[in-house]
Every structure is written in C-alpha cells, then in structure tokens.
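Student: Sequence:
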Amino acid sequence: MSDPGETVSAKDTEDVIMEATFRALSKHGYTDLRMRDIGEEMDLTRQVIHYHFEGKRALMSSFLEYVIDQYEGSVEVEEDADPRTELDARIDQCLFGPEFEEFGHWDRMKVYHELYTYAQNDDDHRALFDDHYDRIRGSVVEVVERGIEEGEFRNVDAELMGQLLTDVIHAARGRRIALGHEDAPREARRAIDEFVLDSLSADD
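Per the numbering used here, residue 1 is the first one in the sequence shown, and the count goes up by one each step.
To be clear, the hints were calculated from the coordinates, so they are not data collected in a lab. There may be inaccurate statements among the hints.
SDA-like mimics (lysine to any residue), calculated; alpha carbons at most 20 Å apart, straight line [stated by the list, open to error]:
hint : residue 1 : residue 2
1    : Lys27     : Ile148
2    : Lys110    : His28
3    : Lys56     : Glu99
4    : Lys11     : Tyr66
5    : Lys27     : Ile177
6    : Lys11     : Thr45
7    : Lys110    : Lys11
8    : Lys11     : Phe96
9    : Lys11     : His52
10   : Lys27     : Asp124
11   : Lys27     : Val168
12   : Lys110    : Asp88
13   : Lys11     : Glu86
14   : Lys27     : Lys11
15   : Lys56     : Asp37
16   : Lys110    : Val168
17   : Lys56     : Gln93
18   : Lys56     : Asp92
19   : Lys110    : Asp82
20   : Lys110    : Ile68
Distance windows between CB atoms, simulated [to be verified]:
hint : residue 1 : residue 2 : range
21   : Glu76     : Arg154    : 25 to 33 Å
22   : Asn121    : Phe195    : 29 to 37 Å
23   : Asp134    : Ser201    : 25 to 33 Å
24   : Leu164    : Trp106    : 19 to 27 Å
25   : Arg154    : Glu54     : 17 to 25 Å
26   : Gly151    : Lys110    : 17 to 25 Å
Quick caveat: nothing in here was measured; it's all calculated off a predicted structure. Ideal Cβ positions, reconstructed from N, Cα and C, are used throughout, including at glycine.
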C-alpha cells in the first residue's frame with residue numbers, strides 16, 4: 001500500500017491516531033465506534049488510519065498496547081531511590097496516573113475499563129489485559145523483593161503482596177469509574193499505607 005503522504009514521522013502519526021482514539025471512544029463507546037469517528041477527532045486525513053491499521057480490531061490491539069506503555073513507561077524515581085519510595089511511586093502512578101496535557105487520567109481510565117469489560121469476548125484483548133496485570137504485579141513484586149533483600153521490608157510473600165496491591169488498585173479504579181465514588185483511589189491509598197505498607201516495614 002502506498003504512503004498517503006504524512007508530514008510527520010510514522011510514530012508521531014500513530015500517536016496522533018491513538019490520542020484521537022481516546023477521544024472517539026469516550027464519545028461513542030467501543031461497540032458504536034467507527035473508524036470515521038476517530039478520523040473526525042484529528043487533523044490528519046482518515047486515509048492515514050487505514051494506512052497504519054487494517055481495521056478496527058488491529059487498531060484496538062495497538063491502542064491497548066499504547067495505553068499500557070503510557071503507564072508502564074512513565075513511572076519516575078531516582079536511580080538510587082529506596083524500595084519504599086519506588087513502591088509509593090508505582091502505586092500512585094496506577095491510582096492517580098501521570099499528567100497529560102489534555103484528556104486526563106480518569107478520562108483515559110474510563111476508556112480503558114470499558115475495553116476491559118469486553119475482553120472476556122476477545123482472546124487477543126484478554127491476553128493484552130492479562131499481560132498488563134502481570135506487568136503491574138511483577139513491578140510491585142520486584143520492588144518488594146528488593147526491599148526484603150536490603151532489609152527495609154519484612155520477609156513476606158512478595159508474589160502475594162504484589163497480587164494484593166494490584167487487586168486493590170484495580171478495585172479502587174473500577175469503583176470510581178463505575179460507581180462515581182471519586183474518593184475511592186485516595187481511600188485505597190490511605191488503606192494501603194495504614195494496613196499494608198506501614199506493617200511491611202522491617203522496623204515494625
């Protein structure tokens with residue numbers, strides 16, 4: 001297929017398409033979403049979408065990977081940060097998200113969770129969400145294991161701790177989105193501090 005004459009790099013173009021997909025999904029929902037809806041949310045011609053993606057299914061798979069990379073790749077901690085500081089940063093990232101210039105964290109999470117509800121009917125999307133869950137849990141497990149090795153954390157089951165924290169994060173986000181409980185993430189954060197992280201300290 002010939003290049004339709006993009007004026008920016010392929011990666012920049014795909015980023016534009018992904019951001020337009022966020023906005024289109026928030027307006028139309030997954031089941032009613034059409035490629036033309038995405039085209040109406042960006043300045044580039046709709047032909048560019050078809051140049052990069054064969055259809056809605058292929059676009060949605062790339063879109064999920066884009067969402068995951070936004071959150072996984074933007075956790076910032078100092079290279080020599082202690083395990084508790086890094087763990088706090090990862091939990092906050094999952095609960096409150098990175099900052100975006102437009103279309104903020106909860107707008108994005110609303111789209112993410114809508115697609116999550118359809119994953120049970122799509123093997124490819126379910127595999128992507130499953131991988132994302134494993135990556136979040138795995139990043140927590142790694143920090144907990146490091147904290148144990150360095151003597152900062154008690155000797156706990158790191159795998160089970162990672163699963164607990166990841167499940168609490170998912171539940172809090174879902175409660176805020178589905179039920180409109182805006183305090184859910186902050187309540188979860190306080191509960192994690194008081195009942196999990198404070199007791200995890202090797203000094204207790």
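Student: If a hint holds in the structure, say so; if it doesn't, say that too.
Tutor: Taking the hints in turn, this is what the structure says about them:
no., hint, verdict
1, Lys27 x Ile148, "46 Å, violated"
2, Lys110 x His28, "12 Å, holds"
3, Lys56 x Glu99, "28 Å, violated"
4, Lys11 x Tyr66, "11 Å, holds"
5, Lys27 x Ile177, "15 Å, holds"
6, Lys11 x Thr45, "16 Å, holds"
7, Lys110 x Lys11, "25 Å, violated"
8, Lys11 x Phe96, "26 Å, violated"
9, Lys11 x His52, "10 Å, holds"
10, Lys27 x Asp124, "24 Å, violated"
11, Lys27 x Val168, "28 Å, violated"
12, Lys110 x Asp88, "23 Å, violated"
13, Lys11 x Glu86, "30 Å, violated"
14, Lys27 x Lys11, "25 Å, violated"
15, Lys56 x Asp37, "11 Å, holds"
16, Lys110 x Val168, "17 Å, holds"
17, Lys56 x Gln93, "29 Å, violated"
18, Lys56 x Asp92, "32 Å, violated"
19, Lys110 x Asp82, "32 Å, violated"
20, Lys110 x Ile68, "14 Å, holds"
21, Glu76 x Arg154: 25 to 33 Å, "27 Å, holds"
22, Asn121 x Phe195: 29 to 37 Å, "36 Å, holds"
23, Asp134 x Ser201: 25 to 33 Å, "27 Å, holds"
24, Leu164 x Trp106: 19 to 27 Å, "23 Å, holds"
25, Arg154 x Glu54: 17 to 25 Å, "51 Å, violated"
26, Gly151 x Lys110: 17 to 25 Å, "41 Å, violated"
Hint violations for this structure: numbers 1, 3, 7, 8, 10, 11, 12, 13, 14, 17, 18, 19, 25, 26, all remaining hints satisfied.
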